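Peer 1: Sequence:
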Amino acid sequence: MFASVLSDPNKRHIYNLYGEVAVDQSWELGPKLKTPEEIEQEFVRQARIKQTLETMRLAQSRGEIVLTLDATSYFQSLQLDKQRFRGSHLGLSVAETRSFRDLLVLPEVQQATVSHEWETQLSSQTDLVLSGKAHAHNGVGNGSIRAVVRHAISSQLQGEVSVNLSQHSSVELKAVRTFFSNVSVTAHGVFNSVYSPPNLTIDIGRKIAPNYTGFITYRPGLFRLGSWGLSDPQLLGHSSSTIGIVHNDQRKSWTCLVHAGIMESNVLLSYTLPIVGHIRARMDFSASSSGDMAIDISGARRIDRNTRVSMGVNCSIQRGVFLKFRVVRLGQKFSIPIYLSPSLNLKLAFFAFSVPLLSGLAFDRLVLNSWRKQRRSAAIQLICQQNESILRERHLDALQATELMRESVARRVEMEESHNGLVIIQALYGKLPPSEHSKASILSSHGIKDLTASIRKQISFVLSADEAIVAQQPLLEYIDVTIPVQALVQNSQLHISAGYAKHNIIGFWDPCLGKKKRLRITYQFQGRVHQVEVDDKAAVAGPLRAIFTAHLIE
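In terms of the UniProt record's numbering, the sequence shown has 450 at position 450, counting the first letter as 1, and numbering is strictly consecutive.
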């Protein structure tokens with residue numbers, strides 16, 4: 001035994017790793033046997049992934065940059081008022097037409113905000129979050145630093161303490177308690193001064209139905225507790241309450257809330273749903289008791305696995321029109337709100353939203369789609385190269401299984417033909433070409449006989465399941481699975497369950513890895529030829545008499 005182990009490098013490597021017991025075990029079933037080099041490469045790859053995840057977990061970094069631009073000068077009237085001095089000490093106000101040179105001026109930066117946040121784990125139950133923020137508005141800036149400590153006291157109680165250092169420093173306390181797994185209560189207090197009680201916020205949420213959550217928020221405002229708060233120069237705040245409901249499922253979500261307060265009350269409606277392609281659209285509507293109404297329409301599109309872009313327009317009676325762009329990648333956000341008009345202008349809002357949207361869709365279809373297809377095809381090609389031997393083995397297994405079915409399928413076809421039952425004429429699986437037989441091509445009686453004879457020809461052909469036959473076959477993106485499908489016919493009935501990829505059926509294999517596959521079955525039943533085509537994970541039941549079956553002859 002030791003001579004065979006020493007002469008075989010694979011067995012010697014297994015012996016070095018697992019000992020003498022592993023050499024005596026059977027290695028015929030299970031994952032593919034790897035060489036020492038492949039095992040080392042896989043170990044290095046897994047270690048690199050684990051180290052990267054641990055590093056990201058130690059210090060999660062999130063940042064955001066918001067740059068607000070003022071572009072109202074681009075959409076002013078064509079007549080500009082300018083002061084001109086014509087040799088006199090008096091200024092003359094004359095109207096001058098705006099030239100193209102005036103449009104070349106860059107938009108003014110109205111305000112800019114830069115914030116960054118680091119999160120690290122102190123223990124299994126405690127997290128530390130450090131964040132900084134710098135804000136500048138019309139040349140006047142300020143900044144703040146915040147530290148947050150989160151601690152999970154139990155599975156149902158979490159606490160949080162944060163300190164905010166800025167021009168108006170504050171200390172915040174927060175506690176979250178969960179009851180009965182569907183009710184949660186959150187208490188949040190902000191201490192702005194030691195001379196008055198904290199500004200409290202109490203939030204109660206409950207899951208009222210599957211995908212539906214209701215919540216109530218109450219803010220008592222600034223208040224006094226005996227003598228605590230009498231010396232505070234600030235006026236007593238006004239209380240407010242909010243009630244709302246949130247619906248969220250895999251496709252769409254919506255939110256409805258009503259806010260009632262002494263100073264101001266408002267209503268907010270929000271709706272999110274997928275539209276064309278992978279674009280998710282969001283529409284917000286809000287109305288306030290102060291007379292303001294606002295509509296916000298935006299769309300978000302995922303460019304790749306880690307990048308998402310969005311664009312939207314906001315129209316408000318009091319604030320005017322804003323155009324917003326946003327890019328999110330790996331926790332880093334970059335937003336550009338563009339101020340277009342100080343007053344409500346629906347025509348400007350329509351063009352401000354339509355032109356960038358159409359341009360973005362054209363860029364996505366013409367440039368990004370081809371880029372994504374190239375990346376996907378390159379990734380699939382790499383996977384096929386790495387698993388070439390496994391794919392070849394599955395191909396050979398499918399051919400061997402089909403060979404074993406040959407005689408039993410031949411007897412089953414004869415039995416089905418004897419009582420005019422279900423006979424599979426042709427079954428194709430993979431990325432299919434256009435069908436040669438459709439409602440427009442009615443088959444004659446001779447055509448039916450030719451199609452029926454094709455199954456006999458395939459059954460009578462003896463398959464030799466070796467690598468030479470596999471290498472000689474043309475590289476098509478679909479395969480003929482007539483014999484395996486005929487083997488599934490029982491008592492003139494064909495049934496394939498849904499929810500599973502069909503390349504797992506005995507006699508099938510995956511001819512186009514990573515691509516969308518379909519199954520097309522042409523069969524004869526009761527003297528008529530039918531054709532049905534389904535998706536890879538869809539159910540198949542035959543013979544069909546519904547409108548989904550294409551009757552090739554009447």
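None of these hints come from the bench; they were simulated from the model.
Heads up, some of the hints might be wrong.
Claimed, not checked - DSS-like cross-link-like pairs, simulated, lysine-lysine; straight-line CA separation at most 30 Å:
(1) 373 <-> 431
(2) 133 <-> 252
(3) 347 <-> 324
(4) 537 <-> 252
(5) 324 <-> 373
(6) 50 <-> 11
(7) 516 <-> 373
(8) 133 <-> 174
(9) 431 <-> 333
(10) 207 <-> 133
(11) 537 <-> 516
(12) 252 <-> 373
(13) 347 <-> 373
(14) 333 <-> 373
(15) 516 <-> 252
(16) 133 <-> 11
(17) 133 <-> 333
(18) 50 <-> 174
(19) 373 <-> 207
(20) 347 <-> 50
Owing to the predicted nature of the structure, the values given are computational and were not obtained by experimental measurement.
Peer 1: Now tell me if each hint is right for this structure.
Peer 2: Status of the hints after comparison with the structure:
no.	hint	result
1	373 <-> 431	holds, 16 Å
2	133 <-> 252	violated, 33 Å
3	347 <-> 324	holds, 17 Å
4	537 <-> 252	holds, 24 Å
5	324 <-> 373	holds, 29 Å
6	50 <-> 11	holds, 29 Å
7	516 <-> 373	holds, 13 Å
8	133 <-> 174	holds, 21 Å
9	431 <-> 333	violated, 39 Å
10	207 <-> 133	violated, 35 Å
11	537 <-> 516	holds, 10 Å
12	252 <-> 373	holds, 27 Å
13	347 <-> 373	violated, 37 Å
14	333 <-> 373	holds, 26 Å
15	516 <-> 252	holds, 25 Å
16	133 <-> 11	violated, 60 Å
17	133 <-> 333	holds, 14 Å
18	50 <-> 174	violated, 33 Å
19	373 <-> 207	violated, 42 Å
20	347 <-> 50	violated, 53 Å
In summary, the numbered hints that this structure violates are 2, 9, 10, 13, 16, 18, 19 and 20.
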